[in-house]
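2 protein chains.
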Amino acid sequence: MTEPTLDVVAIGNAIVDVIAQADDDFVTSEGVAKGSMRLMDEATSDSLYSRMGPGREISGGSAANTVAGMAALGAKCGFIGQVADDQLGAVFAHDIRANHVVFDTAVRAGQPSTARCLILVTPDAQRTMNTFLGASQFLPEAAIDHELIASARILYLEGYLWDPEEPRAAMRAAIEIARAAGRKVAFTLSDTFCISRHRADFLNLIDSGLLDILFANESELLSLVEGTDFDAALEAIAAKVPTLVVTRGVDGAVAVHDGERATVPAEPVERVVDTTGAGDLFAAGFLAGQVQGRALADSLRMGAIAAAEVISHYGARPEAKLSQLVADKLG
Amino acid sequence: MTEPTLDVVAIGNAIVDVIAQADDDFVTSEGVAKGSMRLMDEATSDSLYSRMGPGREISGGSAANTVAGMAALGAKCGFIGQVADDQLGAVFAHDIRANHVVFDTAVRAGQPSTARCLILVTPDAQRTMNTFLGASQFLPEAAIDHELIASARILYLEGYLWDPEEPRAAMRAAIEIARAAGRKVAFTLSDTFCISRHRADFLNLIDSGLLDILFANESELLSLVEGTDFDAALEAIAAKVPTLVVTRGVDGAVAVHDGERATVPAEPVERVVDTTGAGDLFAAGFLAGQVQGRALADSLRMGAIAAAEVISHYGARPEAKLSQLVADKLG
Numbered sequence: 007m008t009e010p011t012l013d014v015v016a017i018g019n020a021i022v023d024v025i026a027q028a029d030d031d032f033v034t035s036e037g038v039a040k041g042s043m044r045l046m047d048e049a050t051s052d053s054l055y056s057r058m059g060p061g062r063e064i065s066g067g068s069a070a071n072t073v074a075g076m077a078a079l080g081a082k083c084g085f086i087g088q089v090a091d092d093q094l095g096a097v098f099a100h101d102i103r104a105n106h107v108v109f110d111t112a113v114r115a116g117q118p119s120t121a122r123c124l125i126l127v128t129p130d131a132q133r134t135m136n137t138f139l140g141a142s143q144f145l146p147e148a149a150i151d152h153e154l155i156a157s158a159r160i161l162y163l164e165g166y167l168w169d170p171e172e173p174r175a176a177m178r179a180a181i182e183i184a185r186a187a188g189r190k191v192a193f194t195l196s197d198t199f200c201i202s203r204h205r206a207d208f209l210n211l212i213d214s215g216l217l218d219i220l221f222a223n224e225s226e227l228l229s230l231v232e233g234t235d236f237d238a239a240l241e242a243i244a245a246k247v248p249t250l251v252v253t254r255g256v257d258g259a260v261a262v263h264d265g266e267r268a269t270v271p272a273e274p275v276e277r278v279v280d281t282t283g284a285g286d287l288f289a290a291g292f293l294a295g296q297v298q299g300r301a302l303a304d305s306l307r308m309g310a311i312a313a314a315e316v317i318s319h320y321g322a323r324p325e326a327k328l329s330q331l332v333a334d335k336l337g
Numbered sequence: 007m008t009e010p011t012l013d014v015v016a017i018g019n020a021i022v023d024v025i026a027q028a029d030d031d032f033v034t035s036e037g038v039a040k041g042s043m044r045l046m047d048e049a050t051s052d053s054l055y056s057r058m059g060p061g062r063e064i065s066g067g068s069a070a071n072t073v074a075g076m077a078a079l080g081a082k083c084g085f086i087g088q089v090a091d092d093q094l095g096a097v098f099a100h101d102i103r104a105n106h107v108v109f110d111t112a113v114r115a116g117q118p119s120t121a122r123c124l125i126l127v128t129p130d131a132q133r134t135m136n137t138f139l140g141a142s143q144f145l146p147e148a149a150i151d152h153e154l155i156a157s158a159r160i161l162y163l164e165g166y167l168w169d170p171e172e173p174r175a176a177m178r179a180a181i182e183i184a185r186a187a188g189r190k191v192a193f194t195l196s197d198t199f200c201i202s203r204h205r206a207d208f209l210n211l212i213d214s215g216l217l218d219i220l221f222a223n224e225s226e227l228l229s230l231v232e233g234t235d236f237d238a239a240l241e242a243i244a245a246k247v248p249t250l251v252v253t254r255g256v257d258g259a260v261a262v263h264d265g266e267r268a269t270v271p272a273e274p275v276e277r278v279v280d281t282t283g284a285g286d287l288f289a290a291g292f293l294a295g296q297v298q299g300r301a302l303a304d305s306l307r308m309g310a311i312a313a314a315e316v317i318s319h320y321g322a323r324p325e326a327k328l329s330q331l332v333a334d335k336l337g
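Protein chains in written order, with the working numbering: chain A, 7 to 337; chain B, 7 to 337.
Calculated from the structure, these hints are not laboratory results. Warning: the hint list may mix true and false statements.
Any copy, or any two copies together, can satisfy a pair, since identical chains are not distinguished.
In silico EDC-like links for lysine to aspartate or glutamate, alpha-carbon gap of 20 Å or less [to be verified]:
id	residue 1	residue 2
1	Lys327	Asp29
2	Lys335	Glu325
3	Lys327	Asp30
4	Lys190	Glu276
5	Lys82	Glu48
6	Lys40	Asp237
7	Lys246	Asp264
8	Lys327	Asp151
This one's a predicted model, so the numbers in the text were calculated from it and none came from an experiment.
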């Protein structure tokens with residue numbers, strides 16, 4: 007078995023975020039649960055867009071944000087995701103490559119257009135996401151580059167991409183390739199509504215021992231086990247995955263690795279502007295710490311530092327030099 | 007003569023900004039003067055884009071930023087500018103309408119695509135702009151809506167749009183309509199390189215008494231008169247336009263109106279992030295003050311407040327509620 011040349015290769019939605027300020031009344035009147043992600047077709051997306059405020063377009067996509075953050079922390083990363091042959095597709099491709107992430111998935115011709123996530127940020131900095139998956143949902147199994155997957159120490163998958171059929175099949179294929187190559191598989195549960203749609207599948211991945219690292223936030227962990235007791239849920243899932251990382255918002259995060267447990271408080275932030283990408287960047291920091299061979303607690307701290315940076319401004323991609331931030335705070 | 011129903015109608019480039027962080031070495035290696043605006047064709051723009059860092063797309067365009075700011079200050083505004091039938095054109099149109107600005111210029115089919123301005127923001131918050139004018143340079147005279155122009159108290163024009171031939175003719179036609187309807191004409195000199203390309207035209211507009219309000223920054227004023235003495239330049243031009251407003255960066259701004267002179271210091275800013283749009287938003291605040299019937303000094307103060315807001319974040323459109331900021335600071 008050859009040595010890996012990349013640290014992480016991720017498969018995820020290739021999305022451009024359209025971020026707008028919104029008041030609580032607007033989110034309520036749209037009938038959407040604040041803080042959640044919902045899927046919508048292009049017509050519904052266009053209709054919401056016409057009603058929402060002026061936006062700023064910033065590349066997003068959960069796993070894409072994670073590898074962009076990891077690359078900013080010095081990790082060598084690749085990404086697989088589907089964009090269309092349009093201006094927003096070019097924006098996504100430019101941005102992830104400008105983040106020094108290998109991205110070679112062939113552009114998809116014709117309709118639908120590149121995925122857009124209309125993000126409503128309320129004055130409490132909470133984000134509510136309205137996603138038109140567009141081309142992203144047609145990521146074909148053929149786009150899974152065997153060599154790329156086998157070349158990376160860790161395969162990272164986002165739960166959101168479990169929704170559409172073709173990418174789900176593609177991710178299953180990628181898991182097989184990674185395991186056959188002796189690589190680790192990391193997975194993020196993404197969102198409680200996403201879990202409610204795919205709980206059986208997600209539990210099956212876990213029970214089958216296919217996942218080495220699992221990321222969740224508190225609500226997602228509880229949703230996964232359909233429970234209300236955090237410690238019981240943590241214990242139950244930690245027994246089934248070698249590494250479990252659970253973020254708890256302002257209460258920090260906890261990780262359990264082979265029975266060892268570590269916690270970290272949330273990193274102080276002067277002003278929380280937009281929580282979009284907090285979980286994605288926490289995962290980025292944690293994984294970057296792990297591939298650097300850092301201890302569990304230090305990896306958590308790197309997650310907290312990266313998450314704190316991304317919630318201090320609009321958009322889910324880092325603005326500050328993350329590696330410098332970590333060096334300053336953690337050494 | 008009927009009463010105006012709009013406060014301002016602006017004609018300008020319809021541009022989406024692509025804003026990226028860059029270090030000084032990168033700007034130097036591109037051979038561009040830091041702080042300036044240069045025009046480039048699509049191939050050059052694409053080439054620079056491929057080399058620059060990850061971006062955020064935020065609607066821009068100098069005069070468009072000004073009316074977006076004015077609308078945020080409660081003024082009734084319209085905008086005329088040319089976008090193409092593409093995703094970035096839709097982004098521009100959405101954003102300006104979401105700012106409650108009337109925008110009805112017909113989309114232009116075919117090539118070139120919507121204008122893009124690649125903005126390199128250095129660590130000193132200075133912006134260097136690299137503009138591909140795209141569809142914007144083909145704004146036809148036919149797009150000048152006579153009724154719209156005649157309905158607005160003030161016609162506002164950006165010097166940048168003097169570069170391409172068709173919009174220049176369109177703006178000349180708009181000036182005639184506005185003057186025939188008894189409206190005021192405001193003009194911004196935009197940029198020293200722009201002035202060096204069109205000094206004779208700009209001086210001719212001034213000498214012909216076609217401009218009622220002229221905006222410039224210190225360098226532009228000096229470039230216009232090809233002088234080095236600020237006070238002499240101010241006096242010379244103030245003698246020819248009823249209202250002259252000159253911004254001086256950290257030194258604040260000065261206005262001269264029919265011999266009355268007022269100054270304002272720069273509004274304090276916690277952290278200057280990106281100076282893009284400072285002049286545009288200064289003009290927005292000043293003009294909004296004027297249409298509200300405020301005194302010269304208070305109008306300058308509104309300009310300073312609006313400019314301070316826009317330089318505290320990335321992008322040239324206001325994020326905070328400007329009318330609230332002004333109410334808090336000025337009453």
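Hint check results:
In this assembly of identical chains, the alpha carbons of Lys327 and Asp29 lie at most 20 Å apart only when taken from different copies (12 Å versus 31 Å within one copy). With identical chains, the CA atoms of Lys335 and Glu325 are at most 20 Å apart within one copy only, with a shortest distance of 17 Å there and 30 Å across copies. In this homomeric assembly, Lys327 and Asp30 come within 20 Å of each other (Cα to Cα) only across copies, at 16 Å, whereas the closest approach inside a single copy is 33 Å. In this homomeric assembly, Lys190 and Glu276 never come within 20 Å of each other (Cα to Cα): the closest approach is 36 Å inside a single copy and 45 Å across copies.
For a Cα distance limit of 20 Å, the shortest separation of Lys82 from Glu48 qualifies neither inside one copy, at 34 Å, nor across copies, at 32 Å. For the homomeric pair Lys40 and Asp237, neither the shortest alpha-carbon distance inside one copy (26 Å) nor that between copies (56 Å) is at most 20 Å. In the homo-oligomer, the alpha carbons of Lys246 and Asp264 lie at most 20 Å apart inside one protomer (10 Å), although the nearest pairing across protomers, at 80 Å, exceeds that limit. Taking identical chains as interchangeable, the C-alpha atoms of Lys327 and Asp151 are never at most 20 Å apart, the minima being 30 Å within one chain and 48 Å between chains.
In the structure shown, a violation is registered for the earlier hints numbered 4, 5, 6, 8, in ascending order.
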